[in-house]
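Residue strings, one per chain:
Number of protein chains: 4
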Amino acid sequence: MSKYQHIREAAYYANMELPKLNLVIFTFGNVSAANRDLGVFAIKPSGVPYAELTPAKMVIVDFDGNVIEGDLRPSSDTKTHAVLYKHWDIGGICHTHSTYATSWAQAQRDIPIYGTTHADHKTVDVPCAQPMDDEMIKGGYEYQTGFQIMNCLSERKLDHREVEMVLVGNHAPFTWGKSADKAVYNSAVLESIAQMAYLTEQINPDCARLKESLIKKHYERKHGPDSYYGQ
Amino acid sequence: MSKYQHIREAAYYANMELPKLNLVIFTFGNVSAANRDLGVFAIKPSGVPYAELTPAKMVIVDFDGNVIEGDLRPSSDTKTHAVLYKHWDIGGICHTHSTYATSWAQAQRDIPIYGTTHADHKTVDVPCAQPMDDEMIKGGYEYQTGFQIMNCLSERKLDHREVEMVLVGNHAPFTWGKSADKAVYNSAVLESIAQMAYLTEQINPDCARLKESLIKKHYERKHGPDSYYGQ
Amino acid sequence: MSKYQHIREAAYYANMELPKLNLVIFTFGNVSAANRDLGVFAIKPSGVPYAELTPAKMVIVDFDGNVIEGDLRPSSDTKTHAVLYKHWDIGGICHTHSTYATSWAQAQRDIPIYGTTHADHKTVDVPCAQPMDDEMIKGGYEYQTGFQIMNCLSERKLDHREVEMVLVGNHAPFTWGKSADKAVYNSAVLESIAQMAYLTEQINPDCARLKESLIKKHYERKHGPDSYYGQ
Amino acid sequence: MSKYQHIREAAYYANMELPKLNLVIFTFGNVSAANRDLGVFAIKPSGVPYAELTPAKMVIVDFDGNVIEGDLRPSSDTKTHAVLYKHWDIGGICHTHSTYATSWAQAQRDIPIYGTTHADHKTVDVPCAQPMDDEMIKGGYEYQTGFQIMNCLSERKLDHREVEMVLVGNHAPFTWGKSADKAVYNSAVLESIAQMAYLTEQINPDCARLKESLIKKHYERKHGPDSYYGQ
Numbered sequence: 001m002s003k004y005q006h007i008r009e010a011a012y013y014a015n016m017e018l019p020k021l022n023l024v025i026f027t028f029g030n031v032s033a034a035n036r037d038l039g040v041f042a043i044k045p046s047g048v049p050y051a052e053l054t055p056a057k058m059v060i061v062d063f064d065g066n067v068i069e070g071d072l073r074p075s076s077d078t079k080t081h082a083v084l085y086k087h088w089d090i091g092g093i094c095h096t097h098s099t100y101a102t103s104w105a106q107a108q109r110d111i112p113i114y115g116t117t118h119a120d121h122k123t124v125d126v127p128c129a130q131p132m133d134d135e136m137i138k139g140g141y142e143y144q145t146g147f148q149i150m151n152c153l154s155e156r157k158l159d160h161r162e163v164e165m166v167l168v169g170n171h172a173p174f175t176w177g178k179s180a181d182k183a184v185y186n187s188a189v190l191e192s193i194a195q196m197a198y199l200t201e202q203i204n205p206d207c208a209r210l211k212e213s214l215i216k217k218h219y220e221r222k223h224g225p226d227s228y229y230g231q
Numbered sequence: 001m002s003k004y005q006h007i008r009e010a011a012y013y014a015n016m017e018l019p020k021l022n023l024v025i026f027t028f029g030n031v032s033a034a035n036r037d038l039g040v041f042a043i044k045p046s047g048v049p050y051a052e053l054t055p056a057k058m059v060i061v062d063f064d065g066n067v068i069e070g071d072l073r074p075s076s077d078t079k080t081h082a083v084l085y086k087h088w089d090i091g092g093i094c095h096t097h098s099t100y101a102t103s104w105a106q107a108q109r110d111i112p113i114y115g116t117t118h119a120d121h122k123t124v125d126v127p128c129a130q131p132m133d134d135e136m137i138k139g140g141y142e143y144q145t146g147f148q149i150m151n152c153l154s155e156r157k158l159d160h161r162e163v164e165m166v167l168v169g170n171h172a173p174f175t176w177g178k179s180a181d182k183a184v185y186n187s188a189v190l191e192s193i194a195q196m197a198y199l200t201e202q203i204n205p206d207c208a209r210l211k212e213s214l215i216k217k218h219y220e221r222k223h224g225p226d227s228y229y230g231q
Numbered sequence: 001m002s003k004y005q006h007i008r009e010a011a012y013y014a015n016m017e018l019p020k021l022n023l024v025i026f027t028f029g030n031v032s033a034a035n036r037d038l039g040v041f042a043i044k045p046s047g048v049p050y051a052e053l054t055p056a057k058m059v060i061v062d063f064d065g066n067v068i069e070g071d072l073r074p075s076s077d078t079k080t081h082a083v084l085y086k087h088w089d090i091g092g093i094c095h096t097h098s099t100y101a102t103s104w105a106q107a108q109r110d111i112p113i114y115g116t117t118h119a120d121h122k123t124v125d126v127p128c129a130q131p132m133d134d135e136m137i138k139g140g141y142e143y144q145t146g147f148q149i150m151n152c153l154s155e156r157k158l159d160h161r162e163v164e165m166v167l168v169g170n171h172a173p174f175t176w177g178k179s180a181d182k183a184v185y186n187s188a189v190l191e192s193i194a195q196m197a198y199l200t201e202q203i204n205p206d207c208a209r210l211k212e213s214l215i216k217k218h219y220e221r222k223h224g225p226d227s228y229y230g231q
Numbered sequence: 001m002s003k004y005q006h007i008r009e010a011a012y013y014a015n016m017e018l019p020k021l022n023l024v025i026f027t028f029g030n031v032s033a034a035n036r037d038l039g040v041f042a043i044k045p046s047g048v049p050y051a052e053l054t055p056a057k058m059v060i061v062d063f064d065g066n067v068i069e070g071d072l073r074p075s076s077d078t079k080t081h082a083v084l085y086k087h088w089d090i091g092g093i094c095h096t097h098s099t100y101a102t103s104w105a106q107a108q109r110d111i112p113i114y115g116t117t118h119a120d121h122k123t124v125d126v127p128c129a130q131p132m133d134d135e136m137i138k139g140g141y142e143y144q145t146g147f148q149i150m151n152c153l154s155e156r157k158l159d160h161r162e163v164e165m166v167l168v169g170n171h172a173p174f175t176w177g178k179s180a181d182k183a184v185y186n187s188a189v190l191e192s193i194a195q196m197a198y199l200t201e202q203i204n205p206d207c208a209r210l211k212e213s214l215i216k217k218h219y220e221r222k223h224g225p226d227s228y229y230g231q
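Residue numbers (the UniProt record's numbering), protein chains in the order written: chain C, 1 to 231; chain W, 1 to 231; chain A, 1 to 231; chain Y, 1 to 231.
Some hints here could point you the wrong way.
As the list claims (entries may be wrong) - Only some residues are given here: those of chain W computed to face chain C with a beta carbon under 7 Å:
no., residue
1, Asn66
2, Gly70
3, Ser76
4, His97
5, Arg109
6, Ile137
7, His171
8, Tyr219
9, Lys222
What the hints assert, rightly or not - In silico lysine to aspartate or glutamate, EDC-like type, Cα no more than 16 Å apart, as pairs:
no., chain 1, residue 1, chain 2, residue 2
10, A, Lys138, W, Asp226
11, Y, Lys216, Y, Asp120
12, W, Lys217, A, Asp134
13, C, Lys86, C, Glu52
14, A, Lys86, A, Asp110
15, C, Lys216, W, Asp134
16, C, Lys222, W, Asp134
17, A, Lys222, A, Glu162
18, A, Lys217, Y, Asp120
Quick caveat, the hints were computed from the structure, so don't treat them as lab data.
Built from N, CA and C at the ideal position, the CB exists for glycine as well.
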């Protein structure tokens, strides 16, 4: 069995979740799964419909973006994935153009934390990275998207282990996590948060952000040292 | 057969309705079913995906929140359920983060009664409990959520047998009823009412509440002494 | 074979379309099919879930609202159906609480004719009947709802053969047609029109109604003496 | 085998995608597939439900709108298709009344380019053709709709090979492409773009269009001489 079989399967099954969760249509979106010991990740091939995907069609790429194994061309967003794997200790990345999260990205707004659904997953607004400046666009677009994401978090002093999602302004969301499955989970949670934040502002244009004591309480229920969520 | 088998199955089947009714994603949401003679309820285990649930995995808990039987940790919202069972004569409770009801909760607004779909189920606006004060948050959060719900109804002089649903401000809805099935039914009705009230205000920002004579008529069709709905 | 078998089946199959078309949840909504020669109609029993319906469970009622055959209690809206059958030469009636049409009814607004999807089915705004006055509510609510619908059309000089749908203010839509199937079709078309009219006003608050020359052209394509739609 | 078998099947399968992609209800919408060597196209018959369609039921029509082969009456929009095939070198056309694209058409607004999902498919706003003047309506409505579409593109100096979609004001979208499949794909992409542009404006009424450098970059990723999307 190939030493890459595990991440091929992890990437395959995670990609197949995207249409089931209504996060993509056609070939939009891509998920990757990393083996950090081997310094590689498996990613969806570019432009191949989900119905035709198999584990064998996943492309193996190293953290500099070089194809290591695979007959197909990798996702056009591969270099963004590579940059994030190279600099962050993460196991999976997911990129979609899901309806509500993408609309917030197009509106170039952070998603305010309005409730406990949001606070169950992070303690801050979902950050929206400003659109890339023209110099960066010329200098390897997908490569620079990775740095755009990292810069957005570092400028705001956010830790990628605590905030596992970002909106790329005028573009769409990227999420990540310990595994490809967790990255996909984060994309679905983000889409739900994005829809509810939109509706909350429509229902009450003067609505207030969640207060700090509740933010802290909910996040710690799931993630603090004394967390008591899950088994 | 275990004396708890009946409520294990009631809780199991009621929980399984939540994803079918599009009221939850992943492990969000939980339903419980009580046996008031035995003074216990069966509730969903915490963080277990719906596809992996079985009646045997439901956790049996008493009305003080102590686990009586079951290998898994109960839902993180268990103490809220326990408080409500202890003080109210009800048979089932349902908690979801359904999209529209949660958005009204985040907007911290009661849902106005705009039509007969609402009046078929209750005669008042759906109450939204104000977010908990910081003292309550520190003092056992889920436990206090139960009191927050009860206080909201008593302050407004509402009877929990007539108003079987509440929004917890900045959080999400809780519903209840004679059985777990009825509690789930109420969650689905609430979600539908919440969506239509949102749209009604968008279509006509000056829309008026339903007039009292129609509220009374519709509620009595289904619930009055001369009700003529159903078999 | 019972002389009512045909309308029992027509009503059954038409009712079963409602959940498939996402026009109802639970037991909301009801469809009837008339045999005008026999002066009766078959209608859904009250409060019975769609999954448990059969043709045999449909209730046969005459045009004065008397049950002629059937073990179950008919829909609580039966008298509204009876009044319309008695006064209008129609073969089917459908009542739902579909999301967008009901929201316009709650907003107490006619649905303006904004495009050709609307004009393909009628040449005027979808009328919204004003909520019933208190005297009518006391005098047999469902019976009066029938007259409320008829009055709405006659006040506006609309012909029920050309305008097969109405919103009952603060309540929900009723549609009708030559058959139960056509009544259900009209409910689905109305829901689509209602959603698009809502979105049209959100996208352009100053949007204009469709001009008369286009209204006339589209309606005549489908319904005029030289219609050329369909086989 | 008939020389038309290929386009009959292409048109059949492309039409069957419309309900699966939630772009139509009932018999709304139609797709055609052309054989430019033979100067004909296959199109959906008028008013036939999707469930009853077969390749044999597709109607063969020439580029002047004359029926060449087939027992059924072709789509009422056939002459619009004929005009576009006659003047443009394209292989497929799709017409739907999809919810969001139709709402923009009813609002008589171009869909602004707000993000990269849009830019991946074209570099300009989706054009909305002004409603037809009364003289054109009288002079063969569907025939004139073809010219209305062509005039809209030529007035704006747009090339139909680069902009494969248009909104017909007060009516609905038309899309086209090298094949019937590509035309359907474009309709689904347009619906997604239309929904996200609507939401973007709701979330941020002052939102800005995508800047030119990003428009150019994204379009060239998929369509430029050095494109690197797909296999």
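Here is how each hint holds up against the structure:
no.	hint	in the structure
1	Asn66	violated (15 Å)
2	Gly70	violated (11 Å)
3	Ser76	holds (5 Å)
4	His97	holds (5 Å)
5	Arg109	holds (6 Å)
6	Ile137	holds (5 Å)
7	His171	holds (5 Å)
8	Tyr219	violated (25 Å)
9	Lys222	violated (27 Å)
10	A/Lys138 with W/Asp226	holds (14 Å)
11	Y/Lys216 with Y/Asp120	holds (9 Å)
12	W/Lys217 with A/Asp134	holds (10 Å)
13	C/Lys86 with C/Glu52	violated (29 Å)
14	A/Lys86 with A/Asp110	violated (26 Å)
15	C/Lys216 with W/Asp134	holds (11 Å)
16	C/Lys222 with W/Asp134	violated (19 Å)
17	A/Lys222 with A/Glu162	holds (12 Å)
18	A/Lys217 with Y/Asp120	violated (37 Å)
Figure legend: structure checked against the earlier numbered hints; hints not met, in rising order: 1, 2, 8, 9, 13, 14, 16 and 18.
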